[in-house]
Amino acid sequence: MAEITSLREAIAALVRDGDTVACEGFTHLIPHAAGHELIRQNKRDLTLVRLTPDVIYDQLIGMGCARKLVFSWGGNPGVGSLHRFRDAVENGHPRPLELEEHSHAALANAYVAGASGLTFAVLRAYAGTDLPAYNSNIRFLRCPFTGEEYAAVPAVRPDVAIIHAQKADRRGNVLLWGILGVQKEAVLAAKRAIVTVEEIVEELDAPPNACVLPRFVVTAVCRVPFGAHPSYAQGYYARDNRFYRAWDDISRDRERFREWMVRHVLETADFAEYLRSAGITVPPERSA
Amino acid sequence: MAEITSLREAIAALVRDGDTVACEGFTHLIPHAAGHELIRQNKRDLTLVRLTPDVIYDQLIGMGCARKLVFSWGGNPGVGSLHRFRDAVENGHPRPLELEEHSHAALANAYVAGASGLTFAVLRAYAGTDLPAYNSNIRFLRCPFTGEEYAAVPAVRPDVAIIHAQKADRRGNVLLWGILGVQKEAVLAAKRAIVTVEEIVEELDAPPNACVLPRFVVTAVCRVPFGAHPSYAQGYYARDNRFYRAWDDISRDRERFREWMVRHVLETADFAEYLRSAGITVPPERSA
Amino acid sequence: MTDFSASEMMAVAAARMLRDGTVCFVGIGLPSTAANLARLTHAPEVVLIYESGPIGAKPSVLPLSIGDGELAATADTVVSTPEIFRYWLQGGRIDIGFLGAAQIDRFGNINTTVIGDYRKPKVRLPGAGGAPEIAAMAKEVFIVLRHTRRAFVEELDFVTSVGHGTGGDSRARLGLPGAGPTVVITDLCLLRPDPETKELVVTALHPGIARDQVARATGWPVRFAADLVVTEPPTPSELAALRDLWRRTAEAHGETSGEGS
Amino acid sequence: MTDFSASEMMAVAAARMLRDGTVCFVGIGLPSTAANLARLTHAPEVVLIYESGPIGAKPSVLPLSIGDGELAATADTVVSTPEIFRYWLQGGRIDIGFLGAAQIDRFGNINTTVIGDYRKPKVRLPGAGGAPEIAAMAKEVFIVLRHTRRAFVEELDFVTSVGHGTGGDSRARLGLPGAGPTVVITDLCLLRPDPETKELVVTALHPGIARDQVARATGWPVRFAADLVVTEPPTPSELAALRDLWRRTAEAHGETSGEGS
Numbered sequence: 002m003a004e005i006t007s008l009r010e011a012i013a014a015l016v017r018d019g020d021t022v023a024c025e026g027f028t029h030l031i032p033h034a035a036g037h038e039l040i041r042q043n044k045r046d047l048t049l050v051r052l053t054p055d056v057i058y059d060q061l062i063g064m065g066c067a068r069k070l071v072f073s074w075g076g077n078p079g080v081g082s083l084h085r086f087r088d089a090v091e092n093g094h095p096r097p098l099e100l101e102e103h104s105h106a107a108l109a110n111a112y113v114a115g116a117s118g119l120t121f122a123v124l125r126a127y128a129g130t131d132l133p134a135y136n137s138n139i140r141f142l143r144c145p146f147t148g149e150e151y152a153a154v155p156a157v158r159p160d161v162a163i164i165h166a167q168k169a170d171r172r173g174n175v176l177l178w179g180i181l182g183v184q185k186e187a188v189l190a191a192k193r194a195i196v197t198v199e200e201i202v203e204e205l206d207a208p209p210n211a212c213v214l215p216r217f218v219v220t221a222v223c224r225v226p227f228g229a230h231p232s233y234a235q236g237y238y239a240r241d242n243r244f245y246r247a248w249d250d251i252s253r254d255r256e257r258f259r260e261w262m263v264r265h266v267l268e269t270a271d272f273a274e275y276l277r278s279a280g281i282t283v284p285p286e287r288s289a
Numbered sequence: 002m003a004e005i006t007s008l009r010e011a012i013a014a015l016v017r018d019g020d021t022v023a024c025e026g027f028t029h030l031i032p033h034a035a036g037h038e039l040i041r042q043n044k045r046d047l048t049l050v051r052l053t054p055d056v057i058y059d060q061l062i063g064m065g066c067a068r069k070l071v072f073s074w075g076g077n078p079g080v081g082s083l084h085r086f087r088d089a090v091e092n093g094h095p096r097p098l099e100l101e102e103h104s105h106a107a108l109a110n111a112y113v114a115g116a117s118g119l120t121f122a123v124l125r126a127y128a129g130t131d132l133p134a135y136n137s138n139i140r141f142l143r144c145p146f147t148g149e150e151y152a153a154v155p156a157v158r159p160d161v162a163i164i165h166a167q168k169a170d171r172r173g174n175v176l177l178w179g180i181l182g183v184q185k186e187a188v189l190a191a192k193r194a195i196v197t198v199e200e201i202v203e204e205l206d207a208p209p210n211a212c213v214l215p216r217f218v219v220t221a222v223c224r225v226p227f228g229a230h231p232s233y234a235q236g237y238y239a240r241d242n243r244f245y246r247a248w249d250d251i252s253r254d255r256e257r258f259r260e261w262m263v264r265h266v267l268e269t270a271d272f273a274e275y276l277r278s279a280g281i282t283v284p285p286e287r288s289a
Numbered sequence: 005m006t007d008f009s010a011s012e013m014m015a016v017a018a019a020r021m022l023r024d025g026t027v028c029f030v031g032i033g034l035p036s037t038a039a040n041l042a043r044l045t046h047a048p049e050v051v052l053i054y055e056s057g058p059i060g061a062k063p064s065v066l067p068l069s070i071g072d073g074e075l076a077a078t079a080d081t082v083v084s085t086p087e088i089f090r091y092w093l094q095g096g097r098i099d100i101g102f103l104g105a106a107q108i109d110r111f112g113n114i115n116t117t118v119i120g121d122y123r124k125p126k127v128r129l130p131g132a133g134g135a136p137e138i139a140a141m142a143k144e145v146f147i148v149l150r151h152t153r154r155a156f157v158e159e160l161d162f163v164t165s166v167g168h169g170t171g172g173d174s175r176a177r178l179g180l181p182g183a184g185p186t187v188v189i190t191d192l193c194l195l196r197p198d199p200e201t202k203e204l205v206v207t208a209l210h211p212g213i214a215r216d217q218v219a220r221a222t223g224w225p226v227r228f229a230a231d232l233v234v235t236e237p238p239t240p241s242e243l244a245a246l247r248d249l250w251r252r253t254a255e256a257h258g259e260t261s262g263e264g265s
Numbered sequence: 005m006t007d008f009s010a011s012e013m014m015a016v017a018a019a020r021m022l023r024d025g026t027v028c029f030v031g032i033g034l035p036s037t038a039a040n041l042a043r044l045t046h047a048p049e050v051v052l053i054y055e056s057g058p059i060g061a062k063p064s065v066l067p068l069s070i071g072d073g074e075l076a077a078t079a080d081t082v083v084s085t086p087e088i089f090r091y092w093l094q095g096g097r098i099d100i101g102f103l104g105a106a107q108i109d110r111f112g113n114i115n116t117t118v119i120g121d122y123r124k125p126k127v128r129l130p131g132a133g134g135a136p137e138i139a140a141m142a143k144e145v146f147i148v149l150r151h152t153r154r155a156f157v158e159e160l161d162f163v164t165s166v167g168h169g170t171g172g173d174s175r176a177r178l179g180l181p182g183a184g185p186t187v188v189i190t191d192l193c194l195l196r197p198d199p200e201t202k203e204l205v206v207t208a209l210h211p212g213i214a215r216d217q218v219a220r221a222t223g224w225p226v227r228f229a230a231d232l233v234v235t236e237p238p239t240p241s242e243l244a245a246l247r248d249l250w251r252r253t254a255e256a257h258g259e260t261s262g263e264g265s
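Chains as they are written, first to last, in our numbering: chain C, 2 to 289; chain A, 2 to 289; chain X, 5 to 265; chain L, 5 to 265.
FYI, nobody ran anything at the bench for these hints, they're computed from the structure. Incorrect hints may have been included.
[What the hints assert, rightly or not] Stretch by stretch, here's where chain L covers chain C in the computed footprint (C-beta under 8 Å, at least three residues):
1. 64-77
2. 123-137
[To be verified] Okay, derived cross-link-like pairs now, DSS-like style, lysine-lysine, Cα gap no bigger than 27 Å in a straight line:
3. X/Lys143 / A/Lys69
4. A/Lys69 / A/Lys192
5. L/Lys126 / C/Lys69
6. C/Lys192 / C/Lys69
Heads up, the beta-carbon is just placed ideally off N, CA and C, and yes, glycines get one too.
Construct all of the structure, not just a fragment, from the sequences and the given hints.
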C-alpha cells in the first residue's frame with residue numbers, strides 16, 4: 002500500500018546500490034526530480050532501464066551512477082546527442098557503460114511481459130537487423146500453430162520503477178493522463194514503485210477508464226511540484242524546450258557538466274531549491 | 002473508413018455465411034440488435050466467438066445459425082443455463098454445435114494476439130486442467146530464457162467483429178466507456194467491424210485516454226438506440242434483469258422459443274419494432 | 005442467539021475469511037456476496053476486482069452479473085478484460101481468488117464444465133470463465149459452495165480449475181504459483197487442506213451441524229480435524245448487514261421493468 | 005518561379021507523397037514536418053500516429069519532441085506506447101511509415117545506431133527507437149533525409165532497420181510483411197527501388213539539381229532512371245503553408261523560458 006512520504010525518504014528507503022531502476026516517461030512526465038535525488042544520494046552500480054533515456058539519464062550516467070543501460074533510443078529529443086551518454090559509451094568516462102540495446106517495440110513488449118507476470122515477450126521484430134548480433138537477450142522462437150518465426154526478449158522486471166504523475170489522492174491512488182508511455186507497465190512490472198506527483202488531492206475525479214494506479218501497486222507517493230521539468234506535465238506546465246537546448250552546451254564538456262551538477266544538484270537539498278539555484282522558470286502551458 | 006449505414010445494410014454487406022463472427026460484450030454493451038439482424042437475415046454456418054455467450058448467442062444457436070462456438074463461459078448471467086446452447090451441445094438440436102473451449106484468460110489473450118498481428122498468444126494457463134485434452138488449440142511451449150512451460154493458443158482473427166458502443170461522431174469515430182470487455186481487441190483483431198451505437202453526435206468529447214475506435218478501424222457504424230437490450234449501455238439505460246430471468250422460461254422449451262423468435266424477431270423489421278412487439282420497456286439507469 | 009439460516013451462516017463465514025486491505029478477485033454469486041459483505045462490515049479497505057474490468061468496485065447492492073453497471077460506476081478504475089487477466093491476475097497482484105464451484109473434490113479441484121462425459125454430456129455447465137487462472141495465480145484461493153453430495157464428489161467429471169491437484173506437492177510440480185485453496189466455506193462447515201496431503205479436512209462445523217450431516221453430504225469419506233471447532237454464529241450486526249444487503253439488492257434488481265412475453 | 009531552399013523543396017516533395025486519408029506512423033524531425041505539411045495542405049484527412057501514443061494528432065505547430073503536449077491535446081485518442089506498437093503497428097494498421105535516417109544504403113536499409121564499430125564506436129547515435137518495426141510492419145515506408153556522402157553510404161556500419169535487405173526478394177525471405185521503402189526523398193532528388201533488384205534509383209531531380217551533384221553526394225555509383233523527371237517546384241501555396249508552419253513553430257517553441265545556466 003502506498004505511503005505518502007518525501008522523495009528523499011522514498012529514494013533512501015526503496016533504491017539500493019546495484020538495483021535495476023526504470024525511471025520511465027515518454028517525453029511527457031519524465032521523473033527528473035527523482036533522478037536528481039538518486040544522484041544526490043549517490044546511488045551506484047544501477048542498471049538503468051528506459052525506452053528513451055534523455056537528459057536525466059545523461060546526468061545519472063555522467064555522475065557515474067549507472068553500470069548498465071537497457072534502452073532503445075538515447076538522445077536529446079529535438080536537439081541531438083546526449084553527450085554524457087556518448088562519452089560513457091565512446092570513451093568509458095566516467096566509467097564504462099554496459100549496453101543492452103533494443104528497439105522501442107521490443108522494450109515496450111518486455112515491460113508488458115513484466116507487468117503480465119511472464120518471463121518473456123514475443124513479437125515480430127529484428128529480422129534482418131544487426132541488433133540480435135550484439136544482444137544475446139534477443140532470441141527467436143516459432144509459433145506452435147503456424148511455424149512462423151518470432152523474436153523473443155526477456156521481460157523487464159525492475160527492482161524499482163519511478164514515474165511522475167499529475168495527481169494522487171490522500172490514500173495514494175495515482176492518476177495520470179495524456180501521453181502515458183510505458184509508465185503503467187513499468188510500475189506493474191516492478192517490485193517497488195515510487196511516484197512523484199504534481200499535487201495531492203482529496204478526490205481523483207478520474208474519468209471512466211482513465212489510467213489510475215491503485216495504491217496497492219504503488220510503494221511511495223511523493224509530492225514534487227514541477228518534478229518533471231524540463232519535461233512537462235499536461236494540465237500543469239509545458240515542456241521547457243530551451244532547457245533541452247541549453248543542456249547540449251552544459252553537458253558537452255566534462256568539467257562544465259560536473260560543476261553544473263555539483264552546484265545545482267549535489268549542493269541543493271531538493272528539487273525546489275535546484276530550480277531556484279539553476280535560475281529555472283518553469284514555462285506555463287501554451288494556450289491553444 | 003467507417004460508413005454510417007443501417008444495421009440491415011451492414012449485416013447484409015459484411016457478414017457472409019460461414020464467417021467467423023465475434024459479437025463481443027462483457028455483460029455491458031452486448032450487441033443484441035445486431036445479433037437479431039443476423040437471425041433475420043438467416044446467416045448460416047457461422048463460427049461464433051465470444052468469451053461470455055449469453056442470451057443473444059443462445060438465440061443464434063437455437064435458430065441454427067451457428068456451426069461452431071469458440072468460448073470460455075456460456076450461461077445466463079445471474080440466472081443459470083442457456084437452454085438453447087445446452088440443447089445444441091447435449092442433444093445436437095437444432096444442429097450439432099462444435100465447441101472450441103477456453104478459459105477467459107486464454108481467449109482474452111487470443112483476442113490480444115489477433116489485435117497485435119500475432120498468430121498466437123502465450124500465457125500461464127491450463128496446467129493440470131482437463132481443457133487441453135479436449136482442445137487441440139491449446140499447446141505448450143517453453144520460455145527461451147528460463148525454460149519455463151507456458152500455454153499457447155492461436156490468435157482470434159474473426160472475419161467480422163460486431164460490438165455496441167455509446168456514441169459515434171458523424172465521421173464514424175466511436176467512443177465507449179465503462180466495462181469495455183474485449184471489444185477493442187475484437188474490432189482490431191477482425192477483418193471487418195460493425196459498431197451499433199446509441200447515438201451519433203457532432204463531437205465525441207472523449208476524455209483523455211478514453212477508449213476511442215478511430216473510424217479507420219471500423220467498417221460500418223449503425224445507430225440503434227437500445228441496441229444492447231437486455232444488456233445495458235452505461236449512461237443510457239440499465240440492464241434488464243427481468244428479461245434475463247424471463248429468457249429462462251422462454252428458452253426452456255423448443256417450441257415456445259421458436260414461436261417467440263418468429264413472432265418477435267423474424268416477423269419484425271428492426272430492433273425498434275422488436276422491442277414494441279415483445280412489449281419491452283427498457284429500464285432507465287438506477288440513480289445512485 | 006439470533007436465528008439465522010444456513011445460507012446466512014455460509015455468507016457470514018465466507019465474508020469473515022477476507023482480511024481488510026487484501027486484493028480480492030471476485031467470482032459472481034456466493035463469492036461476490038461474501039466479498040461485499042466483508043467490505044460492508046469488517047473489511048472496508050478490501051479491494052474487489054471483477055473479471056469484467058472494475059478494480060476497487062464498491063457496489064451498494066449485489067451485482068446480478070459479473071459486469072453490472074454499478075461495479076464500473078463505483079470502481080477506482082475500469083480496465084479492459086485482457087488487462088485484468090494479464091496485468092492484474094497473471095501479474096501476481098491478487099491476494100485472494102474467491103470462487104464458487106459446481107463440483108469439488110477432496111483436493112479442492114473444481115469442475116464447472118460438464119456433468120458426465122465431455123463429448124456426451126449429461127449436463128453442460130457454463131464452463132471455465134476466469135476460474136482456472138484465478139485458481140492458479142491468486143496467492144490464495146477461497147471456495148464457497150453449498151454442501152451436497154452432488155457437489156462434493158469422489159471424482160470430478162472434469163477438472164476445470166486446479167486446487168491441490170492430486171495432493172501433496174502436486175500443485176508445485178504443476179508450476180502453479182499461488183498457494184491454492186486454503187479454505188472451503190459451505191453452508192455446513194469449513195474445510196481446510198491438510199498441510200501435508202492437501203486433502204480437505206473439516207476444521208469447523210457451523211452451529212447446530214453434526215459431523216454425520218457433513219459426512220453424508222460429502223462424496224468421499226471426509227476427515228475431521230482433531231481440533232474441530234464450532235463456527236461462531238453470525239453476530240447481530242453481521243446478520244443485519246447481510247439482510248440489508250439482500251433487501252437492497254432485491255429492491256434494486258426487482259424494480260426495473262421490461263418483461264419478455 | 006518563387007525562390008525556395010533545398011530544405012523547402014525536400015519538405016514539400018516529401019509531403020506530396022502522402023495520399024489523403026492514409027494512416028501514417030510519423031518519426032520526429034523531417035518526417036513530422038512533411039506529414040504535418042501534407043495535413044495542412046492537400047491531405048487534411050491523413051491520420052498521424054506518433055510512437056508516444058497519440059492517434060490522429062493535429063498539431064498547429066511542429067512538435068520538438070515525439071511526445072509534445074500538443075500531439076496529445078489534438079489527437080482523437082492517446083493510447084499507451086505498448087499499445088501503439090502492438091495493436092497499431094504490429095497489428096497492421098499503418099499505411100505509411102515515415103522515417104528519417106543517419107545512414108542509408110542502396111537498398112534502403114537504415115543505420116541510426118552507430119558510426120564505426122558497435123563495440124568501439126566513433127559516433128554513438130541514438131539507436132533504433134521505433135524504426136526497425138516501423139520499417140518492417142508499415143505497408144509502405146517513406147524515408148526522408150539530407151543527401152550527403154556521409155549519409156548515402158556504400159555499406160552501413162550497422163543495420164538498424166531493414167529496407168530491402170540485400171535486394172531482390174530479400175525482404176520477403178526475411179518474412180517482413182510490409183512493402184518496405186517505396187520512395188526516398190532528399191534535398192536533391194527522389195529515389196525509388198528498382199522493381200526487380202530493389203536498388204534505389206534516382207527517378208526525379210529537384211529543380212536546378214544536376215545528376216552529377218547527386219552522384220557526388222551518393223556513396224555508391226547511383227543509377228538514374230531512364231525516364232528521369234524534374235520535380236515540380238513548390239507552389240506558392242505549398243511554400244506559404246510550410247513557412248507559416250515553421251514560423252508558428254519557432255514562435256511556439258521559442259517563447260517559453262527557463263534557461264539552464
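Hints and how they fare:
1. 64-77: That given contact holds, which follows from 5 residues of the region 64-77 of chain C lying within Cβ reach (below 8 Å) of chain L.
2. 123-137: Answer holds; 10 residues pass the 8 Å Cβ test.
3. X/Lys143 / A/Lys69: violated (36 Å)
4. A/Lys69 / A/Lys192: holds (19 Å)
5. L/Lys126 / C/Lys69: holds (20 Å)
6. C/Lys192 / C/Lys69: Roughly 19 Å separates the two Cα atoms, so the pair holds.
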